[in-house]
Amino acid sequence: MYSKIIIRFFIILSLFVSYTASAEKPNYVVGSGGTYRPFEYENSNKELEGFDIDIIKAIAKVEDFNITLINTPWEGIFATLDNGERDIIISGITITDKRKGTVDFSLPYFPAEQVIATLPHYDISSIEDLSNYTVGVVTGSTADTVVSKILGRNSSSIKRFDNTPLLLQELYEEGINAAVGDVGVVKFYMKMNPEKQFNLVYDNNFEQQFFGIAIAKGNTALQEKLNSGLKKIAENGTYAQIYQKWFDNSVPSLPLE
Amino acid sequence: MNFRWEIIKDYYPLFIEGGIMTIKCTLLCVILGTCWGLILGVGRTSHAKHGISKYLLLLLVQWPVRIYVSAFRGTPLFVQIMVVHFVLMPFLINPRDGLLVSDNLISVETARVLRTQYGAFISCVIAITLNAGAYISEIFRAGIQSIDKGQTEAARSLGMSYFSTMRKVILPQAFRRMLPPLGNNAIAILKDSSLGAAIGLADLAYAARTAGATYGSYTEPYLVISVVYWCMTFLLSLLVQYMEKRFAKSDSH
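In order, the protein sequence lines correspond to chains L and V. Note that the working numbering has the first sequence beginning at 312, numbered continuously upward. Note that the working numbering has the second sequence beginning at 382, numbered continuously upward.
Only chain L is shown next, with the shape it has when bound in the complex (with noise of 0.2 Å):
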């Protein structure tokens, strides 16, 4: 009898300091799209796991916040913070003027260095050369602002697709002369398959673009949350250290003011 008293008493104790510990640390759901290896991906176990989750983990770390991580699809991204379903979006992100209307942006976290995937047979050498071809982008993405300021926005000769894979699948089989992309992102792809290999053009002229962490416009508090977080964690070298996680030592400065 006693006993099944002292079981109940734990039980809500339990679930009364469970409560007041997460009363007192806020929680955040974040989104991320989950097909832009190596930012972000799903592993086996329906995780998602890249660089872009290491740095939302790090920055909840040092601002002391939980977070919940849910897989959301590129497509409507932006959406679900405006209807509340999610308070933070990482997701490869690149910060542009456009976006500015319908989100808030954090500082930049990640210079979007692009490049150009080519077959050998092609005779590309600078993004001018791009205006000769059919290229391929991935919908809204870095690469398709300045392939769009190239060749127009509603040029025929771009081709968007959903994500990356997609993207070098069409270019490896020829459906695209040639396709723009996070070096990042084209380099892992080419790692993953060694049979497609493909001709990369860099070239200065690409405007630099950064990614930054969206959230819903006007949600000022949590900017400030995650601009002091970023700076936190660039100044403690965790940023350079998740860098060199995924991708190598040149580890960027980034423009934190």
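Just so you know, these hints were derived from the structure itself, not from any lab. Glycine included, C-beta positions come from ideal geometry on N, C-alpha and C. Please note that a few of the clues may not be correct.
[What the hints assert, rightly or not] Far from chain V by the CB rule (all over 10 Å, computed), these chain L residues:
no.	residue
1	S436
2	N547
3	W557
[Stated by the list, open to error] Simulated crosslink set (SDA-like; lysine to any residue; CA at most 25 Å straight-line):
no.	chain 1	residue 1	chain 2	residue 2
4	V	K572	V	K430
5	V	K390	L	L462
6	V	K390	L	K368
7	L	K336	L	P349
8	L	K411	V	I401
9	L	K368	L	N443
10	L	K460	V	A579
11	L	K336	L	N530
12	L	K411	V	V494
13	L	K409	V	V464
14	L	K507	V	P394
15	L	K543	L	V340
16	L	K528	V	F384
17	L	K409	V	T600
18	L	K409	L	Q519
19	L	K507	V	V494
20	L	K411	L	G395
21	V	K549	V	P561
22	V	K390	L	D365
23	L	K460	V	P561
24	V	K390	L	I553
25	L	K411	L	A390
26	L	K460	V	I401
27	L	K502	V	M463
28	V	K430	V	Q526
29	V	K572	L	N465
30	L	K498	L	D365
31	L	K411	V	W386
Position chain V against the provided structure of chain L, taking the given hints into account.
Just chain V now, kept in the frame of chain L:
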């Protein structure tokens, strides 16, 4: 909700071209799908009474058609589009080692142009046609089987061959009964063409995805294209209604 028209304004040429592409794709798929469905449907209903031809027909025509229809009705169209685009088409017209290119049926240059200029369109039309053919064949089968057996018997006893019985007696009557389901099918094809956006077919859905991703707002583009799709399917249903009336008239005298 604040509706930002500038998103549509910014991309309106893409929306217009997308609309035209949707119509082109639908038109082609409806025509090709109906022809293909007719062939399959006639194959499915073909039968012979006697001897070895009965078994040959069963083995070489009826069963293959049955398996085809069940396979194409039993897998999602989206998956079929992916398979056609990333497996079948590269297998056939990949400039590097495609079957048609290696056999010199088409040149490497042609293959390249086909793949880069019309790749998504061809894949989409093939996939939707193959898929629609399976559904339409069943519409034809139902239509043909709904015509009274006596019609066939009468035609055959007049000395008409199987094919001219089909062409002159059965199909014209069956077609009238098949019009409403065929109209439904055309509407389904129009809507299903939106799946082609995933392989880069520049249709209406593609325009919406592009505009949506650029501005990070999907409200405006998808609302707009849903209205456009609705207008298109509404016009199509009016056309089918008109045709039903026309064909009903010819029946009354």
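V:K572 paired with L:N465 [C-alpha distance capped at 25 Å]: holds (23 Å)
When you check the alpha-carbon spacing of V:K390 and L:K368, does it fall within 25 Å? It is violated: about 39 Å lies between the C-alpha atoms, which goes past 25 Å.
Below or equal to 25 Å on CA atoms is what counts here, so check L:K411 against L:G395. Given that 25 Å is the threshold and the Cα spacing comes to 18 Å, the pair holds.
Quickly compare the C-alpha distance for L:K409 and V:V464 to 25 Å and report which way the hint goes. violated (35 Å)
For a C-alpha distance cap of 25 Å, please report whether V:K390 and L:I553 respect it. Since the Cα atoms of V:K390 and L:I553 sit roughly 42 Å apart, the hinted pair is violated (cutoff 25 Å).
Is it true that the CA of L:K368 sits at most 25 Å from the CA of L:N443? Measuring from Cα to Cα gives roughly 44 Å; hence the hint is violated.
Within a Cα-Cα threshold of 25 Å, do L:K460 and V:A579 meet the stated pairing? The hint holds at about 23 Å.
Given the proposed pairing of L:K507 with V:P394, does the C-alpha separation stay at or below 25 Å? violated (35 Å)
Assess, step by step, whether the Cα of V:K572 is no farther than 25 Å from the Cα of V:K430, and give holds or violated. violated (42 Å)
Verify that the Cβ of L:W557 lies farther than 10 Å from every Cβ atom of chain V, and report whether the claim holds or is violated. holds (24 Å)
With the threshold set at 25 Å, check whether the alpha-carbon distance from L:K507 to V:V494 stays at or below it. Within the cut-off at roughly 21 Å; holds.
V:K430 and V:Q526: Cα distance at most 25 Å? Satisfied, since the Cα-Cα distance of roughly 17 Å is no more than 25 Å.
Violation of the numbered hints given earlier is confined to hints 4, 6, 7, 8, 9, 12, 13, 14, 22, 23, 24; the remaining hints are satisfied by the structure.
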